[in-house]
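With the hints as constraints, model all of the structure from the sequences given.
Chain by chain, the residues run as shown.
Number of protein chains: 2
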Amino acid sequence: MTDSNSKTIIHEIFHPKSIAVVGARSDETMEGDGWVARLMDFGYPGKIYPINLKASEILGLKAYPSVREIPGPVDLVIFNVPFRISDKIMADCAAKGVKAAHLYTAGFSETGKSEGIRLQNEVQRIAKEAGVRVIGPNCMGLYYPKGGLTFGRLLSKRPGTVAFVSQSGASAASLVAQGNERGIFFSKVVSYGNAIDLDSTDFIEYLVTDPDTKIIASYVEGVKDGRRYFDVIRECTRKKPFVAIKAGVTEGGTRAAASHTAVLSGRGEIWDSFFKQAGVIRVENLEELLDVIMAFVYLRRPRGRRVGIVGRGGGLGVMATDMCEKVGLKVPQFQSETQNKLEQLIPDAGTSAKNPVEPDSALTSWGTFYEEGLKAIDVDPNIDVILTHLALDVYGGIVKNMQAALDEAIDVLIKLSKQLTKPLVIVLYAGGHIETISAAIKEQNRCLEAGLPVYPSVSSAVKAISRFMNYHEFLDRIS
Amino acid sequence: MTDSNSKTIIHEIFHPKSIAVVGARSDETMEGDGWVARLMDFGYPGKIYPINLKASEILGLKAYPSVREIPGPVDLVIFNVPFRISDKIMADCAAKGVKAAHLYTAGFSETGKSEGIRLQNEVQRIAKEAGVRVIGPNCMGLYYPKGGLTFGRLLSKRPGTVAFVSQSGASAASLVAQGNERGIFFSKVVSYGNAIDLDSTDFIEYLVTDPDTKIIASYVEGVKDGRRYFDVIRECTRKKPFVAIKAGVTEGGTRAAASHTAVLSGRGEIWDSFFKQAGVIRVENLEELLDVIMAFVYLRRPRGRRVGIVGRGGGLGVMATDMCEKVGLKVPQFQSETQNKLEQLIPDAGTSAKNPVEPDSALTSWGTFYEEGLKAIDVDPNIDVILTHLALDVYGGIVKNMQAALDEAIDVLIKLSKQLTKPLVIVLYAGGHIETISAAIKEQNRCLEAGLPVYPSVSSAVKAISRFMNYHEFLDRIS
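Residue numbers (this note's numbering), protein chains in the order written: chain A, 13 to 491; chain B, 13 to 491.
It is worth saying that the hints were derived from the structure and are not from the lab.
Here the structure is a predicted model, which is why all the values come from computation and not from measurement.
Keep in mind that the hints are not guaranteed to be accurate.
Since the list can't tell identical chains apart, any single copy or any two copies may satisfy a pair.
With a cut-off of at most 27 Å between alpha-carbon atoms, the simulated DSSO-like pairs for lysine-lysine come out as follows [said to hold, decoys possible]:
{"id": "1", "residue 1": "Lys19", "residue 2": "Lys59"}
{"id": "2", "residue 1": "Lys338", "residue 2": "Lys288"}
{"id": "3", "residue 1": "Lys338", "residue 2": "Lys236"}
{"id": "4", "residue 1": "Lys338", "residue 2": "Lys434"}
{"id": "5", "residue 1": "Lys353", "residue 2": "Lys125"}
{"id": "6", "residue 1": "Lys66", "residue 2": "Lys108"}
{"id": "7", "residue 1": "Lys158", "residue 2": "Lys226"}
{"id": "8", "residue 1": "Lys125", "residue 2": "Lys342"}
{"id": "9", "residue 1": "Lys387", "residue 2": "Lys125"}
In structure tokens:
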């Protein structure tokens, strides 16, 4: 659909005054993850109508045998039914005059089977004729914690500034779940599947002017109207960062996308050149997507690409430097004043006062070094951003007093982050021990609460910083 | 040194009949990580001589004021002293006629300071004149669990088949620690630092014929004799897989390497073309190094590069397919017999019976699908290797009964791994919850005990499989 009304209808879809769940289970419990329990648990403020042929009440709410029987108006209908009856349900929606339907139901054209294709066409025809707007089929639908909408009970209720528009349902749920664990929270998320009506283009166009959304992320296999998609993205990147996974780019991947959401994913080279030209931040997987989002949520813009690195392990410092420079960052020499100051702070043996800095071989004295050392690096005009990596198991296993030493080091970093003029990035490399992993999660959360970006590895951090800079440099070029 | 004797001397260094620790601390405890406690704890079978000016006994062993005072012969001396007295200690070693010295001591030419450079030259001169062979300075030395040698108390005592030759000490300790957590155990590891005598070339040459070693890994910044290094590596790759990180390849990285181990790391392009030509498996960081080692330790060679993928989440399947094909693997269509069989096993909606397969949306029924589904894929002539990915938090947070469902799925995979004709690779994606991480570690260990390779992500798995295939194809070409 290329109508100019799609922004209005999408706003209404995210703010329905009433929702009917067709196929609400009569045995739903408040402990479970059914569609009715989800809405109740997330504090959805509108009316909920469970639709079930036999039950008269579900979770204390009056149930109806059909959408047609609901007394008041219905804004959104969630289809949780077998695909074979989806045409009948859509006919009910049409008769009732509902605004929109989310078809969680799958089994349509993505199966490649004639029955699924026929039913999808039929559902599409009925909806279009009646003016019922459709999300899906074959998708998770909406997650909008501020408005009490969710596709999973276990996702966070805390609203944030990141939107995610995903053709894949599992990717939508995974990104939110993993994001929540990394201190990333969401404004509005939609998984839209086969997109027989509303497509990624429509949702992105809406989110560009959505005041809750500061960053737009997307997982896309294919779009219906390439021309309009490209126009919307070009408009988007001028206003908000757009981070995207384009899946289905190889021969096998294209085939896989066809049986996933029934799309033609299109020639890779066209997407490549368009994304580049439009300032789209392109990533390969969900982890990289979160890494880039982490930068946009937590990182202040550095003046340039020159990194001061502080961390334990000389070889790890050399590899970190190579990683930076391979992705287009720089690890320059310090000015002589900085160098002199650091040499006073750092003992001679098994260390380095040069960039990358290795202050000391023991984790136990890191707090002390950070206090003076990072201030010295902060005033060096050769440096734009400071990255410090802490490998919790660098010498194997769990160091005695690790937790206390780490607590102290992170205390100092948090304090310094309010004092330093340059942005600070933390890498907490947890290793494989459950004890070091637990400690890393604890310290990560402390850093995030203090507004400091945290990454699980130097390689993930520096790729994200470089992509973050790419976008800012793109904005500078077009302004 | 290019003498033909280095293989013999290295064998002797790994099997010393007696070790003196110069700078053994008088307050060492058996709970601590001192050099004497390490040897005792690891069951080193030879004589240990603590050297300390004041103590008469350390950890129940008679201590001596100097190496010269030791009554019997001394094969190896560990220097745990400030670099300023290293020349005096080396003079003691020369006078005593010790075979070899490991200089844990740092502060030499890597500091770039005249005093460090002068002392390094002096130590080198004394050792060379007296025929004392040297590991280091500025390094962790030896880890050889079978022989009771270690540079860390917390590393595993279990011997394995992987050797690691590392210019970086922290990288050596990290690789062993992280390897241990992933079921990877080591034959012989050496961290050799500034390499004023024995260099990576010497150690690799020795390991090529070491019967305990099946795979050789290396972290290298630079070598002294490029010609000889290249000859040794060429010989090595004909006999054993050689997996290497070449660090110090960018401008900043080259500078960092110079202040880390005082090497000239050389032009990147020369290393690139040599590694390619010699069949070296080149990786970028320690995680990738372990990923490749995992394949060589746990994976049977597949007949070809065609992967059958089974996992939850349609979008994750599309991305997994793209990842495979980007690194040179293939995700082909199944034969129609396989397709028909899988369609009988898999419900229509929200699933895929095609490659990549998505059997069911619930983790709880995976065991049931695996039982029949993997057997069907196993007999498909279009497929060479089966990869299954289990994302523990794919729909956000912890699924109820996750542990029981996972236990059952892994039970079936372990059972099947003995029955399938094709190799099986497991990806356990843990997510960010401490509960899912604990579950992933538990199931990983069960798989590893059963001999199944396990990876933390699809991307790490497929890169490693492709590199593993590259080496086997290299062997095919040269044979």
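How the hints compare with the structure:
1. For the identical chains of this complex, Lys19 and Lys59 are intra-copy neighbours only, at 23 Å inside a copy versus 80 Å across copies, given an alpha-carbon limit of 27 Å.
2. Taking the closest pair of Cα atoms, Lys338 and Lys288 come within 27 Å of each other both inside a single copy (19 Å) and across two copies (19 Å).
3. Taking the shortest alpha-carbon separations for Lys338 and Lys236, only the inter-copy value of 25 Å comes in at or below 27 Å, while the best intra-copy value is 36 Å.
4. Taking CA atoms no more than 27 Å apart as the test, Lys338 paired with Lys434 passes inside one copy only; the shortest distance there is 22 Å, against 37 Å between copies.
5. Taking identical chains as interchangeable, the C-alpha atoms of Lys353 and Lys125 lie at most 27 Å apart only when they sit on different chains, with a minimum of 16 Å there against 71 Å within one chain.
6. Taking the closest pair of Cα atoms, Lys66 and Lys108 come within 27 Å of each other only inside a single copy of the chain (20 Å); across copies the shortest separation is 95 Å, beyond that limit.
7. Proximity of Lys158 to Lys226 under the C-alpha cut-off of 27 Å is restricted to the intra-copy arrangement: shortest distance 15 Å within a copy versus 57 Å between copies.
8. For the homomeric pair Lys125 and Lys342, the shortest alpha-carbon distance between copies (25 Å) is at most 27 Å, but the shortest distance inside one copy (54 Å) is not.
9. With identical chains, the CA atoms of Lys387 and Lys125 are at most 27 Å apart between copies only, with a shortest distance of 25 Å across copies and 65 Å within one.
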